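All chains, full assembly: derive it from the sequences and hints.
Keeping their order, the protein sequence lines are chains A and B. Quick note on the numbering used here: the first sequence kicks off at 242 and runs consecutively. Quick note on the numbering used here: the second sequence kicks off at 745 and runs consecutively.
Hints in this document: simulated from the structure, not taken from any laboratory. Every clue listed holds true.
Below, a sample of chain B positions facing chain A; criterion: calculated Cβ distance under 10 Å:
hint, residue
1, Y779
2, D803
3, Q848
4, F850
5, G853
Please read all numbers here as calculations on a predicted model, not as lab measurements. Glycine included, C-beta positions come from ideal geometry on N, C-alpha and C.
In case you want the letters, here they are:
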Amino acid sequence: QQQVKQSPQSLIVQKGGIPIINCAYENTAFDYFPWYQQFPGKGPALLIAIRPDVSEKKEGRFTISFNKSAKQFSLHIMDSQPGDSATYFCAASHSGNTGKLIFGQGTTLQVKP
Amino acid sequence: DGGITQSPKYLFRKEGQNVTLSCEQNLNHDAMYWYRQDPGQGLRLIYYSQIVNDFQKGDIAEGYSVSREKKESFPLTVTSAQKNPTAFYLCASRGPSGRTGNEQFFGPGTRLTVL
Numbered sequence: 242q243q244q245v246k247q248s249p250q251s252l253i254v255q256k257g258g259i260p261i262i263n264c265a266y267e268n269t270a271f272d273y274f275p276w277y278q279q280f281p282g283k284g285p286a287l288l289i290a291i292r293p294d295v296s297e298k299k300e301g302r303f304t305i306s307f308n309k310s311a312k313q314f315s316l317h318i319m320d321s322q323p324g325d326s327a328t329y330f331c332a333a334s335h336s337g338n339t340g341k342l343i344f345g346q347g348t349t350l351q352v353k354p
Numbered sequence: 745d746g747g748i749t750q751s752p753k754y755l756f757r758k759e760g761q762n763v764t765l766s767c768e769q770n771l772n773h774d775a776m777y778w779y780r781q782d783p784g785q786g787l788r789l790i791y792y793s794q795i796v797n798d799f800q801k802g803d804i805a806e807g808y809s810v811s812r813e814k815k816e817s818f819p820l821t822v823t824s825a826q827k828n829p830t831a832f833y834l835c836a837s838r839g840p841s842g843r844t845g846n847e848q849f850f851g852p853g854t855r856l857t858v859l
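In structure tokens, the structure reads:
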């Protein structure tokens, strides 16, 4: 019940395309859903995060769509660029002072010029 | 210049040796975390600490130990009992829930290789 399942494992799109990465969870107590971006040899960096009281959140070219009833959330990257090539992780946690994040397995995105 | 630093960037260990990975933060965060990352897998929690002088085991604590004597520092020791220690190790910290939610800030990582 603590798992977060992420798909696909890898993704290749052309420049300007809209890659979509999906995540699903089981624990209905989760109330914080961040996405992290990681470049090779670097630590992950927070990209965008959403709480279940909204169904969509946009920050620049990045959008999270959230479906509470289906227990799914996804990341869309508009007008993707070669510089977006990285590994993306979804995660989930629930309110509480531990702040433990449960991570998905990661998606390696390649944006071709 | 606030942030999280980890050292060394690369570490080589002989079998049977204990090694200690450093993690320091100047963000004044109470909570700190250690994760292990293996190729094709997500981040797995090793240990976490919510306050000085207190820490809890994560999902894969066997073969690891930590200490939290100072708020700024959360070193991780990889002991000889860890059967497969070659991995990328990431340290993170988290501020008070009221301001930044559950956002965790990550350091640059240490790549440990067993020779």
